[in-house]
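Asks: The lines below spell out each chain.
There are 2 protein chains.
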Amino acid sequence: MKTLTVDLGNRTYPIHIGSGLLQHAELIHPHIQGKTTTIVSNETIAPLYLDVLHKITSPYRNTDVILPDGEVYKTLEVEQQIFSQMLTARCDRKTTLFALGGGVVGDMTGFAAACYQRGIPFIQVPTTLLAMVDSSVGGKTGVNHPLGKNMIGAFYQPQCVLIDIDTLDTLDDQQLSAGLAEVIKYGFIRDLDFLNWLDQNMDKLLQRDKTALRYAIYRSCQHKAEIVAADEREAGQRALLNLGHTFGHAIETGMGYGKWLHGEAVSVGMVMAAELSQKMNWISKEAVQRVKNLLLKAKLPIEPPKAMSATQFSDLMSVDKKVQDGVLSLILMKSYGECIVSRDFDPVALQAVLSRE
Amino acid sequence: MKTLTVDLGNRTYPIHIGSGLLQHAELIHPHIQGKTTTIVSNETIAPLYLDVLHKITSPYRNTDVILPDGEVYKTLEVEQQIFSQMLTARCDRKTTLFALGGGVVGDMTGFAAACYQRGIPFIQVPTTLLAMVDSSVGGKTGVNHPLGKNMIGAFYQPQCVLIDIDTLDTLDDQQLSAGLAEVIKYGFIRDLDFLNWLDQNMDKLLQRDKTALRYAIYRSCQHKAEIVAADEREAGQRALLNLGHTFGHAIETGMGYGKWLHGEAVSVGMVMAAELSQKMNWISKEAVQRVKNLLLKAKLPIEPPKAMSATQFSDLMSVDKKVQDGVLSLILMKSYGECIVSRDFDPVALQAVLSRE
Chain A
2 MKTLTVDLGN
12 RTYPIHIGSG
22 LLQHAELIHP
32 HIQGKTTTIV
42 SNETIAPLYL
52 DVLHKITSPY
62 RNTDVILPDG
72 EVYKTLEVEQ
82 QIFSQMLTAR
92 CDRKTTLFAL
102 GGGVVGDMTG
112 FAAACYQRGI
122 PFIQVPTTLL
132 AMVDSSVGGK
142 TGVNHPLGKN
152 MIGAFYQPQC
162 VLIDIDTLDT
172 LDDQQLSAGL
182 AEVIKYGFIR
192 DLDFLNWLDQ
202 NMDKLLQRDK
212 TALRYAIYRS
222 CQHKAEIVAA
232 DEREAGQRAL
242 LNLGHTFGHA
252 IETGMGYGKW
262 LHGEAVSVGM
272 VMAAELSQKM
282 NWISKEAVQR
292 VKNLLLKAKL
302 PIEPPKAMSA
312 TQFSDLMSVD
322 KKVQDGVLSL
332 ILMKSYGECI
342 VSRDFDPVAL
352 QAVLSRE
Chain B
2 MKTLTVDLGN
12 RTYPIHIGSG
22 LLQHAELIHP
32 HIQGKTTTIV
42 SNETIAPLYL
52 DVLHKITSPY
62 RNTDVILPDG
72 EVYKTLEVEQ
82 QIFSQMLTAR
92 CDRKTTLFAL
102 GGGVVGDMTG
112 FAAACYQRGI
122 PFIQVPTTLL
132 AMVDSSVGGK
142 TGVNHPLGKN
152 MIGAFYQPQC
162 VLIDIDTLDT
172 LDDQQLSAGL
182 AEVIKYGFIR
192 DLDFLNWLDQ
202 NMDKLLQRDK
212 TALRYAIYRS
222 CQHKAEIVAA
232 DEREAGQRAL
242 LNLGHTFGHA
252 IETGMGYGKW
262 LHGEAVSVGM
272 VMAAELSQKM
282 NWISKEAVQR
292 VKNLLLKAKL
302 PIEPPKAMSA
312 TQFSDLMSVD
322 KKVQDGVLSL
332 ILMKSYGECI
342 VSRDFDPVAL
352 QAVLSRE
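Protein chains in written order, with our numbering: chain A, 2 to 358; chain B, 2 to 358.
The hints are simulated quantities; they were obtained by calculation from the structure and are not laboratory data.
Since we're looking at a predicted model, the values are computed, not measured.
Any given hint might turn out to be false.
Identical copies look the same in the list; a pair holds intra-copy or inter-copy alike.
Unchecked claim - Straight-line C-alpha distance at most 27 Å; calculated DSSO-like pairs for lysine-lysine:
hint : residue 1 : residue 2
1    : LYS56     : LYS298
2    : LYS323    : LYS95
3    : LYS293    : LYS323
4    : LYS286    : LYS300
5    : LYS307    : LYS280
6    : LYS323    : LYS36
All chains should be built: construct the whole structure from the sequences, respecting the hints.
Replies: Encoded structure:
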């Protein structure tokens with residue numbers, strides 16, 4: 002097992018990464034203060050791992066809340082159902098919530114923890130690659146709104162993140178690839194060495210080689226922990242983690258939540274960011290090709306959906322959280338392996354990318 | 002004008018109290034960072050004060066969100082409508098929200114500010130006595146759940162509280178009395194001198210004498226600011242501010258939100274707390290009578306609704322936020338003018354109070 006720390010003063014917490022960690026109650030128990038727990042999971046994950054987690058929560062009075070599976074259920078209405086079940090079960094301010102599942106379960110459980118009786122502790126137990134390397138770490142929680150993804154939420158940190166990589170055994174190939182998009186993202190943002198490693202080890206990752214997966218997850222979480230510790234509430238560099246996300250969120254919202262996996266939309270978004278960077282001559286056409294090749298190698302899409310017009314992209318991107326006083330910031334590439342946050346992109350070049358000219 | 006400060010490190014903010022303050026844009030403008038504002042108000046208050054506030058927001062691109070009036074609309078569903086209007090108006094992370102109204106508008110606007118794009122600034126402009134002396138100060142925000150009052154929310158502090166006591170001119174008598182319940186509460190908790198002053202000046206307050214009102218509001222806010230600064234997230238003494246609230250919330254939820262005004266329910270709740278304290282011989286029967294007399298003088302109810310059984314009280318009180326690991330804390334009276342937080346009350350005496358024996 003390896004342990005990383007997200008260093009946030011009195012809200013500092015550990016990320017444990019390894020095989021078989023769900024067997025180790027001693028990693029979890031120190032983070033539970035009260036006598037009650039609530040496990041939030043979904044219909045897909047619960048049959049696989051709920052029993053194992055029940056062994057950990059057996060010393061406590063536990064309640065299960067099982068959500069329907071999918072991004073389309075990441076809503077305030079479903080959040081209200083979590084609250085109803087918790088109130089019915091007499092959960093109180095000392096109840097510890099567990100998020101057992103992927104990004105949707107993690108984001109919704111974290112937001113439930115942030116809001117239930119104005120805040121209770123929670124623990125992330127991610128079971129998808131995407132949740133392990135990105136959404137379970139850093140305290141971004143929330144739900145979607147019909148008019149925009151992740152528009153309602155809170156910055157709220159967990160007590161602990163427990164990454165048992167054995168849970169990836171049950172992940173389907175499409176979800177595995179979607180997670181790899183966020184792994185590759187760290188390379189594009191700030192780690193050329195990691196990009197080279199990924200290029201050489203992509204086949205192993207797709208074949209679920211545990212050593213390769215553990216390394217990719219550890220390195221990803223290392224980047225995430227470092228960036229979050231430096232800029233918890235995204236006043237500056239944390240925005241880099243949104244590479245591809247403004248385009249990607251527009252695709253997810255525009256196509257209907259759940260039609261595209263988040264990681265797939267981010268993959269296309271990263272290509273669009275690369276293309277915009279190239280049109281402004283920040284990076285070469287060869288660099289764009291390297292971006293595409295690596296994503297293709299991870300079996301990810303690189304073309305935006307034909308159904309989406311440039312106008313629809315523009316409209317959806319105008320409600321992005323990185324718009325301030327009407328001006329959008331984008332994460333763009335300065336070189337292969339280095340990104341910056343910029344408000345100074347060429348709007349004509351952006352239109353060309355959105356129109357696929 | 003008088004100004005108090007809520008001292009919370011980098012979240013410190015002022016409370017301005019005086020007549021005609023809504024004419025003074027210079028009090029507000031320093032607290033607005035971006036180029037956009039959104040005013041949240043309700044159907045009753047908007048026709049009275051929206052135009053005045055529009056003068057203050059005129060340098061900014063402003064959006065109005067007008068809610069229906071009443072506690073029954075303090076829900077997650079109505080909160081979602083605020084988000085919809087804000088997204089449609091392209092509000093961003095720099096938009097400043099204004100809460101123009103009473104406690105419901107303040108709580109809902111504060112919670113919207115806490116959650117919209119994971120947190121934006123907001124300013125409290127309370128127009129009811131209750132909101133001025135209690136709910137607009139201290140950062141408790143949120144909505145009701147059908148199973149419990151204020152169960153969903155956040156601790157989220159405003160940038161500034163602007164109390165223009167002239168807005169009390171349009172408050173109806175019942176609402177004025179409801180606000181006085183929270184004013185009297187500060188006396189019961191920790192200020193015998195204030196109780197004596199209130200006893201002598203209650204008629205002036207009911208006649209809306211501005212000097213008396215200003216003093217009562219100032220002294221109430223002083224207590225609130227001091228307690229909140231010492232214990233923002235209610236780990237200890239802040240719970241004292243909940244005197245009468247566990248009983249009161251049960252009445253509000255049990256009778257249906259909006260049937261009883263919050264202050265009226267708290268008035269009865271404080272009498273019940275006094276009666277329980279007396280049954281345990283902490284205070285005398287004479288002290289209970291003084292509690293009742295002062296509340297009666299403020300034209301407040303002192304008897305719980307006949308429709309509510311002891312069982313219904315018990316059930317509703319068991320989801321109170323002061324329950325931890327199944328044990329309820331109550332705020333009880335040690336003497337006339339002094340309260341404590343206690344888990345060591347006599348359950349038989351509590352049953353007797355709930356059964357009105």
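Asks: Which earlier hints can't be squared with this structure?
Replies: Of the numbered hints given earlier, the structure breaks just one, which is hint 1.
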